[in-house]
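Chains A and B supply the protein sequences, listed in that same order. Counting from 185, one number per residue, gives the positions in the first sequence under the working numbering. Counting from 24, one number per residue, gives the positions in the second sequence under the working numbering.
A hint or two may mislead.
With a Cα cut of at most 27 Å, we get these calculated BS3-like pairs of lysine-lysine [unchecked claim]: (1) A:Lys416 <-> B:Lys370; (2) A:Lys357 <-> B:Lys370; (3) A:Lys337 <-> B:Lys370; (4) A:Lys269 <-> B:Lys88; (5) B:Lys320 <-> A:Lys324; (6) A:Lys416 <-> A:Lys337; (7) B:Lys133 <-> B:Lys88; (8) A:Lys416 <-> B:Lys88; (9) B:Lys354 <-> B:Lys88; (10) A:Lys198 <-> A:Lys269; (11) A:Lys357 <-> A:Lys337.
Keep in mind the hints are simulated off the structure, nothing from the lab.
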Amino acid sequence: MSDYNFAYLDEQTKRMIRRAILKGLAIPGYQVPFASREMPMPYGWGTGGVQVSAAVLTPDDTFKVIDQGADDTTNAVSIRRFFQKTAGVAVTEATAEASVIQTRHRIPEQDLRADQILVYQVPIPEPLRFLEPSEVETRKMHALEEYGLMHVKLYEDISQHGDIATAYAYPVKVEGRYVMDPSPIPKFDNPKLEMAGIQLFGAGREQRIYAIPPYTQVVSLDFDDYPFQPTKADHACDLCGAEESYLDELIMDDAGGRMFMCSDTDYCATRRKQGHVGAQGVPYKEDAA
Amino acid sequence: MYVAVKGGERAIDNAHAWLAEERRGDLDVPELSVAQIREQMTLAVNRVMAEGSLYDPNLAALAIKQARGDLIEAIFLIRAYRTTLPRFGGSNPVETETMQCERRVSATFKDAPGGQVLGPTFDYTHRLLDFKLAADGDAADVAVSEPHRGATPHIMSFLDREDLIQTEPAGDDVPDDLTRTPLELPASRALRLQSLTRGDEGFILGMAYSTQRGYARNHAFVAELRIGSVAVEMDIPELGFAIEIGEITVTECETVNQFQGSKTQPPQFTRGYGLVFGMTERKAISMALVDRALRWKELGEDNLGAPAQDEEFVLYHSDNIQATGFLEHIKLPHYVDFQSELELIRKLRREAHDTISREAAE
Chain A
185 MSDYNFAYLD EQTKRMIRRA ILKGLAIPGY QVPFASREMP MPYGWGTGGV
235 QVSAAVLTPD DTFKVIDQGA DDTTNAVSIR RFFQKTAGVA VTEATAEASV
285 IQTRHRIPEQ DLRADQILVY QVPIPEPLRF LEPSEVETRK MHALEEYGLM
335 HVKLYEDISQ HGDIATAYAY PVKVEGRYVM DPSPIPKFDN PKLEMAGIQL
385 FGAGREQRIY AIPPYTQVVS LDFDDYPFQP TKADHACDLC GAEESYLDEL
435 IMDDAGGRMF MCSDTDYCAT RRKQGHVGAQ GVPYKEDAA
Chain B
24 MYVAVKGGER AIDNAHAWLA EERRGDLDVP ELSVAQIREQ MTLAVNRVMA
74 EGSLYDPNLA ALAIKQARGD LIEAIFLIRA YRTTLPRFGG SNPVETETMQ
124 CERRVSATFK DAPGGQVLGP TFDYTHRLLD FKLAADGDAA DVAVSEPHRG
174 ATPHIMSFLD REDLIQTEPA GDDVPDDLTR TPLELPASRA LRLQSLTRGD
224 EGFILGMAYS TQRGYARNHA FVAELRIGSV AVEMDIPELG FAIEIGEITV
274 TECETVNQFQ GSKTQPPQFT RGYGLVFGMT ERKAISMALV DRALRWKELG
324 EDNLGAPAQD EEFVLYHSDN IQATGFLEHI KLPHYVDFQS ELELIRKLRR
374 EAHDTISREA AE
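Isolated chain A, as found in the complex (with noise of 0.2 Å):
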């Protein structure tokens, strides 16, 4: 496609989002407003996540693009042919071989190295969004530091349903001073947030890219007396046998039969290929899928 530059984006653009994309990474959980472009995909399908990449593949890279964890989504299999398409780049689903992921709602089950970046697809970058609406408020609170609603807000949830009822878009503190929405992941993700690689957020809509540089501390918002819980579905996978990994719950029949299995798809098959087989699966073979 040599209609478009190398992933579609003009070299001038590219350089607008790296900037914001370095100060991101010196300011640990800051959301820095950015002239996020109009995608040819639309608004609310990943178009930051699509920015982000965009500014930091090379051609030397290989990528993968996961959607509620797997390479096989439809938005997945559409982002990743964007990329073929505008930069040529390397495609993989082995979470291993990528050098940048892109993501929608998930951290891959395998643990990532230095050497790769996971750029998350962010709806709503404000964790104080849903408490104050207006974004020149959240931006004050931001820069005083004044996070108490969200702890009234925790605390009203325990003292209401004995419980903190947040399931995803868990919000985290980052380096001891932003409070960050992880995007919309499952809070069972949150503690992989401390990572060894480079972790991006875009979101174009709102025009806000942020980033936790590697091994950075981030802690999932909690009380002494009620200590933070990562959750998953109590069970082990069907396929794979996992019981570790985060579980999609399938409806199987009329009759409401369930199975559940893992939402990570490459670690499943990956699993699956080192002959791993859970209570409803067979083992593996290479044309199965």
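Given the coordinates of chain A, assemble chain B onto it according to the supplied hints.
Leaving out everything else, chain B in the frame of chain A:
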């Protein structure tokens, strides 16, 4: 045994093929040409150019054809194309006083230099379906008069001379470009106007209407509404002077609004301003009303808490491409987040149930 659902790629390809077939419709009906859309669906083309922020009737017509007549989808196509274009620079401000007016009406003066020109308007048509059009759409020959040549002074300039209207001094500073810098609040008036002119027609109309119905009422008179072509000029540094690079049709609306005076201003009329690509009268008038409502702070008026006065509310929600994207994205898979909610609600219900049965036992 369960086999994981694969085939996203094939599903996408098939969906695209089906979409192309649906777009074409019945093959026994001749295909629409881009030129037909451009010439006969001009107001749709104008809206797509205005909200797409790109003045190109051919591309807008193509986008409408490709989008199967869904104008927001067409606007999206134009916006996505627009961002890939290099930016050579900025034009000089267009001089709407020199506009070759096709239409020019004033609601505040019965007559004024330059006259009232009704132009091609729906205003006094009776909205009766014209069944003759279904069979034969050729227009009857109409008499043509000599167009008015030379500048048509703005109605506002007459009020200006009497100092009855708040002055709007010209500035030399180059305003920010909404499409090149992130919107930060408070926004300058120039940025607000950029946002309004590309904002969704329906949204801006609704906001404007709300001011008329009492939410930050600022009773507006249309001092002047003019539609016509203006020259776009650009300074070429190598040449040292400005050259005309093209001509565009725009709609300009200036409103005169009542103003009681405040601590900082004596009683004086105030202005609202609308300028939109193409023949887009409804949008230009709406824009002027919303512009005026958003100016409450600089004019020292009270914040009445009305939606149209709330810059953050208006500017953050006027863009239909942002809005439709975020709204429609909720149909994408969310099963990971939903799964975590499922687990949470099961847990909360279990705990609540335990509490209830414990209390019943006591």
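(message) Check whether the Cα positions of B:Lys133 and B:Lys88 lie no farther apart than 27 Å.
(response) Outside the cut-off at roughly 42 Å; violated.
(message) Hinted pair, alpha-carbon criterion (27 Å max): A:Lys269, B:Lys88. Please report holds or violated.
(response) 25 Å, holds
(message) So if I understand the rule, the pair passes when the alpha-carbon distance is 27 Å or less; does A:Lys357 with B:Lys370 pass?
(response) 26 Å, holds
(request) Quickly compare the C-alpha distance for A:Lys198 and A:Lys269 to 27 Å and report which way the hint goes. (result) The hint holds at about 18 Å.
(request) Please work out if A:Lys416 and B:Lys88 have their alpha carbons no farther apart than 27 Å. (result) Since the Cα atoms of A:Lys416 and B:Lys88 sit roughly 48 Å apart, the hinted pair is violated (cutoff 27 Å).
(message) Just to be careful, I want the Cα atoms of A:Lys416 and A:Lys337 compared with a cutoff of 27 Å; is the pair within it?
(response) 23 Å, holds
(request) Compare the distance between the alpha carbons of B:Lys320 and A:Lys324 with 27 Å, and conclude whether the hinted pair is satisfied. (result) 20 Å, holds
(request) Could you grab the alpha-carbon distance between A:Lys357 and A:Lys337 and see if it respects the 27 Å cut-off? (result) The hint holds at about 15 Å.
(request) For the pair supplied as a hint, A:Lys337 and B:Lys370, confirm whether the alpha-carbon distance does not exceed 27 Å. (result) 19 Å, holds
(request) Quickly compare the C-alpha distance for A:Lys416 and B:Lys370 to 27 Å and report which way the hint goes. (result) 11 Å, holds
(message) Please verify whether B:Lys354 and B:Lys88 have alpha carbons no more than 27 Å apart.
(response) 25 Å, holds
In terms of the numbered hints stated before, the structure departs from hints 7 and 8, listed from lowest to highest.
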